[in-house]
Amino acid sequence: MFGLNDNCSIDQDQEYLTLEDYQGRVSRWCAGCGDNGILGATQRLCRDEQLPREKTVFVSGIGCAARFPHYMNTYGFHGLHGRALPIAQGIKMRRPDLHVFVNMGDGDCCSIGTAHWIHALRANMDLVVMLHDNGIYGLTKNQASPTTPTGLKTNTTPRGTMLRALNPLTVTLGVTNASFVAQVGEWIPDLLFEVLKQAFHHKGLSFVRILQRCPHFTPELYNALLTNPDNIVLLTHEKGMQIGETTAKIYKRQEHHDPSDLNRARELAEMSDRVPMGILYRNEEIGRYNEISRSGILPTWERRAEVLESAFDRFGIQASAAE
Amino acid sequence: MFGLNDNCSIDQDQEYLTLEDYQGRVSRWCAGCGDNGILGATQRLCRDEQLPREKTVFVSGIGCAARFPHYMNTYGFHGLHGRALPIAQGIKMRRPDLHVFVNMGDGDCCSIGTAHWIHALRANMDLVVMLHDNGIYGLTKNQASPTTPTGLKTNTTPRGTMLRALNPLTVTLGVTNASFVAQVGEWIPDLLFEVLKQAFHHKGLSFVRILQRCPHFTPELYNALLTNPDNIVLLTHEKGMQIGETTAKIYKRQEHHDPSDLNRARELAEMSDRVPMGILYRNEEIGRYNEISRSGILPTWERRAEVLESAFDRFGIQASAAE
Amino acid sequence: MKEQTVRVAANSKQIIQAEEHIIEIVSDSGEGAQTAGQMFGTISAKAGNSVWTVEIIPAEIEPPPRTAPGASGNRIRIGSFEITNAGDDAKLVVAFNEQALMGGMSAGKFESGCIVLLESMWGKHPNPAIAREYAATMEKLKQTDYRIYEVPMEAECLKVVQDARRGKNMFVVGMLCNIYSRDLAYAYKEIENKFKAKKPAMIKPNIDLLDAGYRWAEENLDFRFEIPPCPQQGAQLVANGNTSLALGVIASGMEVCAMYPITPATSASHYLSQALYEAGGVVHQAEDEIAACGFAIGASYAGKTAVTITSGPGMALKTELMALSVMAEIPLVLVNVQRGGPSTGLPTKVEQGDLLSAIFGSPGDNPKVVMAPATIEDCFYCMITARKIAETFRTLVVVLSDANLATGQAAFPRPVPQKEWDAPPIDQSPVPKGALPYDWDPKTGLSKRFIPGQPGGMHTLTGLAHTRASGVAYDPEANQEGCVNRSLKLAAFQKTLKAPKVFGDPAGDLLIVGWGSTKGAIEEAVTRARKGGLKVSALHLTYLQPMASGIKEIMQQFKQVMTVEINYSDDPAHELIDENNRRYANLAWLLRARYLIDIDCWSNVYGQPIKPGEIEQMIRDRLSARKTH
Amino acid sequence: MKEQTVRVAANSKQIIQAEEHIIEIVSDSGEGAQTAGQMFGTISAKAGNSVWTVEIIPAEIEPPPRTAPGASGNRIRIGSFEITNAGDDAKLVVAFNEQALMGGMSAGKFESGCIVLLESMWGKHPNPAIAREYAATMEKLKQTDYRIYEVPMEAECLKVVQDARRGKNMFVVGMLCNIYSRDLAYAYKEIENKFKAKKPAMIKPNIDLLDAGYRWAEENLDFRFEIPPCPQQGAQLVANGNTSLALGVIASGMEVCAMYPITPATSASHYLSQALYEAGGVVHQAEDEIAACGFAIGASYAGKTAVTITSGPGMALKTELMALSVMAEIPLVLVNVQRGGPSTGLPTKVEQGDLLSAIFGSPGDNPKVVMAPATIEDCFYCMITARKIAETFRTLVVVLSDANLATGQAAFPRPVPQKEWDAPPIDQSPVPKGALPYDWDPKTGLSKRFIPGQPGGMHTLTGLAHTRASGVAYDPEANQEGCVNRSLKLAAFQKTLKAPKVFGDPAGDLLIVGWGSTKGAIEEAVTRARKGGLKVSALHLTYLQPMASGIKEIMQQFKQVMTVEINYSDDPAHELIDENNRRYANLAWLLRARYLIDIDCWSNVYGQPIKPGEIEQMIRDRLSARKTH
Ligand SMILES: Cc1ncc(C[n+]2csc(CCOP(=O)(O)OP(=O)(O)O)c2C)c(N)n1
Ligand SMILES: Cc1ncc(C[n+]2csc(CCOP(=O)(O)OP(=O)(O)O)c2C)c(N)n1
Ligand code: SF4
Ligand code: SF4
Ligand SMILES: [Mg+2]
Ligand SMILES: [Mg+2]
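Chains as they are written, first to last, in the numbering used here: chain W, 247 to 569; chain D, 247 to 569; chain Y, 20 to 648; chain R, 20 to 648.
Isolated chain W (complex conformation) (with noise of 0.2 Å):
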C-alpha cells in the first residue's frame, strides 16, 4: 500500500522473534522503577502478537518514561516533552501498516500534553497510549505533577502539594470519542499484559493509566494498594477482561463492570475509597479519524498531474477576442 515495498515481509515471516529480539539498549532506569515491568509486558506482548520489528513505532514525550523506545529493538521516536501524541498522529496518519505505541510521563501526558491528550482521544486514531504514571516528575528530579497526591512534599511544594490530584481517568472519560480507558498497576504483571493486549487489539485509541512505582521520588505513592489488596476493584465482564484464577484470588474485590456503561465507568473512575482496575469503557463503534478521512484515493503521480490540469483549467485564462 502507499507505494510501499512489501518484498521483505516474506522473509520476516519466516523466522520467529523471541523476547530477546524485542531488547533494545539496556534501559538506566533506576533500580526497582516500575518502568521496567512495563517494559518486560509490551515486550511479551510484541513476541506473543509477533509484531514486526520494523513496523512497529513507539513514540514518547521526554522524561524518564519517555526513553521507553530506546529500550525497544523497533523504531522509536523520543521527541519533545508533552508533544508525543500529535508526532504518533502525524506518524499512523498515512501509514496504517505500522503498529503505533505511545508512552508518556505523567508531566507529559497531564500538564504540558494535556490539550493533545484531550484532542488525540476524540480523533481516536488506531493507538495504543500508556500513561507511565509515578504521580513525580521524575527526570527533572521531583516537583509536583498533576497527579501528586495532595499534601506530598516535593522541590516545587515543599509544604506539600495543595490541589486534589488530577484523575486521568475521569478525564479521559469525559471527552467525547474515548473509546478505550483502561487502569492498571506495573506490580500486577499479569494484568498489565492483559490490559495492554486487550488495547493492542482494540481498533482506535486505547488510553492505558498504568499506575507506576518510582522508588526514588515517591516511593509510598502506591502502598496502599501494595500491602491491601482490597483497596484494588478488578474489574471482570465477558465483553471486557478475564481474570486469571491467581488474579482473582489476590485481588478478591470485584465488580461485574459492562465497559460500554459510560456512565458507571465515570463513577467508578470517580471512586475515592478505592481503585478500579481492568477495563472501565470500550466502544468499537466510534470512527477513527486516520481512516474516515481517508479519501479511497490512491497518491499517485498521475491522480496529483490530474488534479492540477484540472486545476488550472479551471483558473485558466487565454488572451483572446470575447467569443
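These are calculated hints, taken from the structure and not from any lab test. Check each hint, because a few of them may be wrong.
[To be verified] Lysine-lysine pairs mimicking BS3-like chemistry, simulated, CA-CA at most 25 Å apart:
1) Lys399/D <-> Lys217/Y
2) Lys178/Y <-> Lys218/Y
3) Lys143/R <-> Lys399/W
Given chain W's structure and the hints, the job is docking chains D, Y and R with the ligands onto it.
Positioned in the frame of chain W, the structure of chains D, Y and R with the ligands alone reads:
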C-alpha cells in the same frame, strides 16, 4: 491590601453606575451576533452588582468573542489566542481585590487553549469564565472548531466535519476540582443573566458554556433549540437556579437537579437528545488555588530583607581560623 | 506612462489612452465590491491586459457599515506591460459610500486628479445624520483635485431589479466595462460561468444590471479609457499567492498538510482541504500550531514529507518543534505567510518581519534553509523545490511568503506538470547490516535516514544530542560532531546555489537588495529611475539562508548598497538614533554581518505593499543627496 | 603557578606548596561524591582559599553503576588568588570506581601527572567480570603518567561503620583534609551543622569516618599540599548561580515567579519555592511554559512585575507570549538558564547558544533588553537591575544565565540589602482625565502604564497593533508609530549604558570579546598570556541588546578582534566552509552586523565550560600564526 491605595473608594461609592457607564467602544460584531446578548447581560450584571470599573478586568484570547473587553468600560486584556486563562490567573493571583472575567471562543478555549482550560478548572481560582460557543471559528472565517457538529461543511472541512463534536460540559465535569459548571443559550436573556449572576457569586472558577449564535457562519446551529424549546431541559433546584414564571412557561421541560450531584450532572451533560440549561454542578467546598497558596506573610521590604539576611547567614562564610 | 487623449467620440466623450490604470472599488462588507473587482480583473486579463488585483479586507467579519476601517473591496491594476505588483495610487475609484472612500483617501491611496465615482443616494438619505455626513464629505472632497462624479447607483439599479444592495456590484462592472472600453461579451461570459451551475435564474438580472451600468456610463460620463493589450503570452493562470502555493504543494508530491487556521495563511489550506483530498492526500487541522507541526513531523518521519502552513504567531508556537526537526534531521517544509507583527499585530496586513526569527528563532544552533518566493508564480514552484531540498538535505525548509503575495492575484504562465516534481515512494528496502541512522559524511554532513518499515533500520530518533547510532550522547565529542554535520549540510547546499542576477547594470551608484514579495515594486522603481538616468540596479534574493556565493562581489560594484523591506528599522534621522543603537531591517542585518559592507535600509511597517513610486522617489532623493554632499 | 616542595615532613612526606589545585571526586550516583565535594569546598573556603566548585551530574536519576556516563560528583578548584572559573585539568582525582575515573580521563579532564586515588576493592570483586574490568583499567592507567594510589576505601570504612557505601564520602573528605593540610576542626563543624537538627546520631559515625580518612592519608601517602589562603575579603556567601539568582529575585522585590520545571533552570525555582513564600510571594508551577509565561504576564500587568525562569526549550515555547509583552509593553523578566541545544540537546550541559534566539526569536519587530550575568555574584544583582529596567522601560528583559553559572558554586561578597532595590508599591492613584495608556513620548518612546485598580485608567490592552488609546489600530500610521516608539525605548535605554571596561591594555594585537559565564576563564587566560608577553586584552559585555556606545572605538584599538563563546560556529578550516557560508558564533554575528569589523570567533559545543588553558593556547597560536604570516 498589598500596599494598594484605597483613597479613592469613597468617591466611587457615591456615584451609582448605570448601564452606559459599563459600555466601552461600539461593538463591531455582525448584526445579530449572539455576542451582543452576552455583552448586554454582562453589563447588566456589572451594573446590578455595581462593580467598580477600575477593579474589574475582562480577559480574553483572540477571536470574535475575544473582542469582548474592548466593549466594556473596565480594564481589559485582549491577549493571545488560547492564552486567556493563564493570564487571568496571573492577574487574580496577587490581586484578590479585582473581579476577573474571562471570555473565550470555542476555538480559543477548547482547541488551542485546552491545556489551560483543564488546568484552570483544577486550580479553581475565583474567575467567571464564559465560553462563547458558536461552534465555529468566526474571526478567521469559517473553519471547524472542536464543537462544530458532525457533518457541517466549513472551509477546512469542505466535505463536512468527521468527528463528533467535543462536549465541553462532559470534559469540564471530568476535571478534578471543577466547582461550577453551567450552560445557557444567549438568546434567553433572563436565564443568561441569572446564570452569570450565580457564576459571579460562586467562590471558585465558574465555567459557563454559552451557546452563542453566529448568524454569519453557523446560522442554523441552534435552530432546533430556538424553534422548539422542548429540546431544552431547564435545571431547577432550591440549591441551584430558580426560574422566573415566564421562562418556566416557555421551557416546560424541567428537571429538579441537585447541583451537588456530580454523577447526575455528568449524565445530564452526556444527553444526546436534549440540551440541559442551568447549573449542572456546583461545589463551594473546593479550595481556591489563589487562596490556599497564600502564606499570609505580607510582602514588605522588611520581610524580604529578613529572608535575605537569614539566607546570607546560612550561605555565609567568613574565612577564619577553625574555632 | 503619460495618458493622452487619442480622439473624441461622437457624444463628445474624450477617449484617453494609457499604459496602465489602477482602479479601486470599495463598499461595505457584503456589498460585493470584491466580486466586482475580481470579475473586472478577469475580464481585463481576458481582454489582453496584464492585471494585478489586491483584496481590501476589513479586520472584522461584518464591520459596522459606512465606516473607513469597515471598507471592503478590491484594487485592480491593469496595464499594457507586464504588471508585477499593486502599483502606486489609484486613478479611478468607485465607492459605494463616502466613508469607505474617505478611508482610502486619508491613507493617501488616490492619485492627484483621481476620478471618483461615488454613490449619490446618501445625500438624500432619510437619516439626517447620514445625509450630513455625506454633505460634509462632499465639502472635503471639494478641497481636493479629484474629479468627482456622483452616481445614482442604487436608483439606477432599482430600475432593473427590486433589491439593489445585492446587485450594485454588477452595475459597477458594467460601468467599468464602458469606461475601459471592454467588449461586454467578456462580462456576459463571466456572469454565465458564475451562475450557470447553481443559480441559472440569476443570469438574466445580473446581465441586466451590467447593461444598465454600461449604459449609464456611456450616457453620463465624458471620458473613456483604452489600455492597449499586453503582448500575448500563451496559456496563463490567474491565482493569488496562496492558491498558487497550494497548487505547488500538490505538484511537489507532498500528501500531508497539517495546519491551524491563521490569517493570512489559512486560505492556502482552505484550497488544499478539497484539492489535496482529491489528489489522495489530507489536510489535518490540528488543535493548535504545536500539534500541527508535530503531526507534520510525524508524517515526515514516517516517509511522507509534510508541509505545515502558518503565519507569524503560529510560527512562534512551532519554535520548539522546528528545532526538533533540525536536530533529528527530519525533512519538513514550513510555510509562513507573514503578516504584520509583532504579536497578534496586523493580521490582515502586509509585512516581511519574520526573516530573522525564521533563521534564529529556536534556541541553540539551528541550521535550516530559509527561502522566499518573490512572485505569485514562485509560490507554486518554491513548494516543489522546498520538498526536494528538505528530503535531500534531511532538513527543515522555511518558506516565507506574505500577505502581499497571498491576497494579490495575477496571471502567470500555466505550469506543465512534470513527473520529476513528484516525491519518490517511501523507501522500504532493508537496511544493510551495520548501517547507522546518522552516518554523517564528513565532507557534506549528509546521511541516509531510515524510515519505519525498513527492515534492519530500527533505531530511536531523539531530540537529545545523539551519536551516529542515534543513541543518547554522553560524551562531549558527540554533540560537537552532530552540530558540525548539521551545519555542514547547509554549506553543502550553499555550494549548489547560483548567485542571483542583477536587475539593471552590474555596476553603478546604488544597488537595492530585496527579498520576497517586494521584487516587482523594486524592479519597477529601478526601471523608472534608470529611465530617468540614475545608475541604480536591483538584486533579489530567494535564498536567505544560506546565501549564494558571489553576492559580495556584486555589491562591491556599487557605490551604495541598501535593502528595501517591509519590516521595521529605526530612522537614523531621529535624535536618539545613531550607529550604536540603530536597529536595521531584517535583510540588512544579515548582509551587514556576513559581508561587512555598510548596507543601509529603507523600510517601514505601514502594513501596505511598498509602492514603486515611493521607492523611485527614495532612489532619487538618495542619489541626488549623494551628489550634493 | 608552579608547585614546589617546601619541606619534607618527619615521616618523609613531601610538603608541596601550590597556588591552586583542582580536585575531582567521582562516584556512582548516590554514593555521596557531590556532598563530599561541596563539603570540602566549604572547608577550603572557610580555611581562606578562594573556591569554585562544579557539579558533575549524570543525565539519569540513578544511571547504571560503574559506568562512565553514570559518574556523579564534584570538581573543586581551590586557590590562593581569586578563582573565577572552573579552571583547567584536575590535579588530583578521587574515584569510587575505575569506570567513573575512565569517563573523566577519556574526556581529557585530568592533567598530566595527575594524582589518582582509586578505590581498590573492585580488583578483588567476587564478580569476575568486574575484577577483569578493574584490571583492564589498571593496565590502561599504567600507560598514562598519572600517579595512581589504590585506596582500600571500603575496607577502611568498614573498620569504623557497618555500611560503607553511605559513608565513604566522609572518609574521602578526611583524606582530602589531610592531603590539603586542613585543620579537621572545620570539618567537624560542617558535619555537626549538617546533622545537628535532624539526625544528631549521625554526627559521631561521620566524624569517625572523617578521622579514618585523615589517618589513612597521613599514614599511607607520601605527599601533602599547602594552598596558602587568599587575602581576606570580608563577609562572603557561598552559593551557586541559581541560588544567587533566586536570592536576587527576592532582593528585587518581585513577588511572583511562574515556571515549569526544566534543567538546569529548575533549582532556582526550588530554592524560591520556599524562600519567596517566606518573603510573602509565590512560585507558581504552571502546566507548561506557555502558561507560566502567561501567568507572569498577567501578574505583571496587574502591577506585580513577575519573573519566569526557564531554559532553551522552555524559552522556545514562550516565543509568542514574549512578543505580547513587547507589543503591549508589559514589564516582564525572563530568565533563561541556557543548556546545550538545539532541541532537547544536552540538558545538563553548558552552552551559551540562545543569544540570537533571545534577541530575534519572535516574529515581527521585538525590541527588548537582553543581558547576561558573568559571575555568580552578577546572578544576584542582575535580577534587581532587570526588574528596574523592565518597569522603567515597560519592557521585556531577558536574562541569559547558563549551566556553568547555575551549577558552579563560589564565594562572593555578602550583599547588604538596600531598600532602593525594592519594587515600588502598585500605583492605584486616579488617572488624570484624558490621559492615554500609550501616550508615547516622541523623544524616548516612553509612556506611563495604567494598572487595574487605577480609577479612570480603564482601557483594553491588546496584542494587536494599537493606538495611543489602546484601541485596535485600523490606519497604517498607527502600526508604524507603535513600532517606532517601542524601538525608541531601547535607544533611550541604550543611552544610559556605559561602555564596558577593557581588561588589560586599551590597545594591542588581539581583543577577546565575551559574554556571560566565560568571563572568568577568558580573563584568566588573558592574564596568563599577558604574563607571557602577548598583547591581548578582553572585553566582556553584560548588555547584548542594546549594546553600549563606545565598543567600536575600543575594538578599533586592536589589530584583531574575536569572540570566545560556548556555542556553535563553523570551522573555517573545513574544506566546505568559506566566508560565504561560514556560520559565526552568536555574539560574533551581532558585532559584525553592528560594527562592520571582521570579527572572528572561537567557539565549540562540547557542553563543558571553556578552560582558561585552552583559551590561552588559542591566543598563543593565533598571535604566533599572525607573526609568521
Ligand atoms: C519544553 C520542555 N519543558 C520542560 C522540560 C523538562 N522536563 C523533562 S522531563 C519533564 C517531566 C518529567 O515528568 P513525567 O512526564 O511525569 O515523566 P517521568 O520522568 O516521571 O517518567 C520535564 C519537566 C523539557 N524537556 N522540555
Ligand atoms: C497563535 C494563533 N493561532 C491562530 C490565530 C488565528 N485565530 C484568530 S481567532 C481564531 C479562532 C476563532 O475562533 P473562536 O475561538 O471560536 O472565536 P470566534 O471568532 O468564533 O468567536 C484563530 C484560529 C491566532 N490569532 N493566533
Ligand atoms: S526517578 Fe523514578 S521514574 Fe525515574 S527512573 Fe528512577 S524510579 Fe524510575
Ligand atoms: S462572524 Fe459570527 S461570531 Fe463573529 S461577529 Fe459575526 S456573527 Fe458574531
Ligand atoms: Mg512522572
Ligand atoms: Mg467560535
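Margin query: Would the hint linking Lys143/R and Lys399/W be met if the CA-CA limit is 25 Å?
Written below: Roughly 42 Å separates the two Cα atoms, so the pair is violated.
Check: Within 25 Å, alpha carbon to alpha carbon, are Lys399/D and Lys217/Y?
Finding: holds (17 Å)
Checklist line | Satisfaction of hint between Lys218/Y and Lys178/Y, Cα-Cα up to 25 Å | finding: Holds, at roughly 22 Å.
Of the hints listed earlier, the one the structure fails to meet is number 3.
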